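Student: Spelled out, the chains give:
2 protein chains.
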Amino acid sequence: MYPNDGFRELERQECLRLLAKAPVGRIVHTRQALPAVLPVNFSLDTDGAVLLRTSATSELVRAIDGAVVAFEADEVDAEAHAGWSVVVTGHAAMVTDRAEQERLARTGPRSWAPSPREVFVRIEPELVTGRELIAGRSLYGVDLQAPR
Amino acid sequence: MYPNDGFRELERQECLRLLAKAPVGRIVHTRQALPAVLPVNFSLDTDGAVLLRTSATSELVRAIDGAVVAFEADEVDAEAHAGWSVVVTGHAAMVTDRAEQERLARTGPRSWAPSPREVFVRIEPELVTGRELIAGRSLYGVDLQAPR
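Chains as they are written, first to last, in our numbering: chain A, 348 to 495; chain B, 348 to 495.
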């Protein structure tokens, strides 16, 4: 990380608090050796894991099950040049435990379009990083996942 | 791509038109073998290339110069369950040609915080894909970069 880069680094709890109010985030993964990114709705589990609800046959599940992915959400005011961005990086896995599936069916993310073969995917919050963009400073030159 | 997935695939020109009105996008790249994602402001060149203006010493430049990256912008209305997402995938490279640098200094993206050693980075629009999310349908199960 760079000194005076116009960002304030956020603590894990601040990151999770911001993430909890974001309606949509973006799954970042690798597809055919190329970077790929897909907006999805989601919810946060009590331990900070990101939960997705999708079809068991979706290409997304095939692409990310067992892989390390990044999940990003942000809110940037381009007029004010201010906002925040949070990234959760960790292993993604389809939830296979029956009791856990039932818990998530009650408490997990709502599906925008229920399908007959829904599954939940959990992204472990192994690395949770975030930055607050300070008004009037650059968005550039900073890697959101720089080690703390 | 999946039939009846609630998405309408967008043509290249539609993608570029939407991208041109987005104030902020996200650079997706690889950092220490992990997926990384960083919001940035940008502009589009006349050929659809994505232009960034950043510091020559930024970690972002070191990470993406010469690499294939994805650049994503979206606009999703979580209430209406509608919106769009566009991804440009291609090689990123620092602009080194002097005449080109001068042209971009006049016509390229504005910097939110001018730094003394600014450079331009160009992402070639080798693959331009996008989806319109149809209201009331799922965001799931679709890879935005699925081959046409």
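No lab work stands behind these hints, which were simulated from the structure alone.
Keep in mind the model is a prediction, meaning the values are calculated, not measured.
Just so you know, even glycine gets a beta-carbon here, dropped at the ideal spot from N, CA and C.
Treat the hints loosely; a few may be bogus.
Below, a sample of chain B positions facing chain A; criterion: calculated Cβ distance under 8 Å [to be verified]:
#	residue
1	363
2	367
3	371
4	377
5	390
6	421
7	423
8	425
9	427
10	432
11	466
Student: Identify whether the interface hint at residue 371 of chain B stands, where standing means a beta carbon of chain A within less than 8 Å of its own.
Tutor: 5 Å, holds
Student: Using the nearest Cβ pair, does residue 427 of chain B come within less than 8 Å of chain A?
Tutor: It is violated, given that the least Cβ distance between residue 427 of chain B and chain A is near 10 Å, above 8 Å.
Student: Let me know if the C-beta of residue 432 of chain B comes in closer than 8 Å to any C-beta of chain A, holds or violated.
Tutor: At 5 Å from the nearest chain A Cβ, residue 432 of chain B passes the 8 Å test, so the hint holds.
Student: Does residue 425 of chain B hold up as a contact with chain A if the rule is Cβ-Cβ below 8 Å?
Tutor: 3 Å, holds
Student: Interface hint check: residue 423 of chain B, Cβ to nearest Cβ on chain A, cutoff 8 Å. Holds or violated?
Tutor: 5 Å, holds
Student: Is the interface hint satisfied for residue 421 of chain B? The criterion is a beta-carbon contact with chain A at less than 8 Å.
Tutor: Holds. Min distance 5 Å.
Student: Would you check whether residue 367 of chain B satisfies its interface hint, that is, whether its CB is within less than 8 Å of any CB in chain A?
Tutor: Because about 14 Å separates residue 367 of chain B from the closest Cβ in chain A, which is outside the 8 Å limit, the hint is violated.
Student: Against chain A, is residue 377 of chain B within 8 Å by beta-carbon distance?
Tutor: 7 Å, holds
Student: Hint residue 466 of chain B vs chain A: min CB-CB distance below 8 Å?
Tutor: Violated. Min distance 10 Å.
Student: Taking the least C-beta to C-beta distance, is residue 390 of chain B closer than 8 Å to chain A?
Tutor: It is violated, given that the least Cβ distance between residue 390 of chain B and chain A is near 12 Å, above 8 Å.
Student: Min Cβ distance, residue 363 of chain B to chain A: is it shorter than 8 Å?
Tutor: 17 Å, violated
Hint violations for this structure: numbers 1, 2, 5, 9, 11, all remaining hints satisfied.
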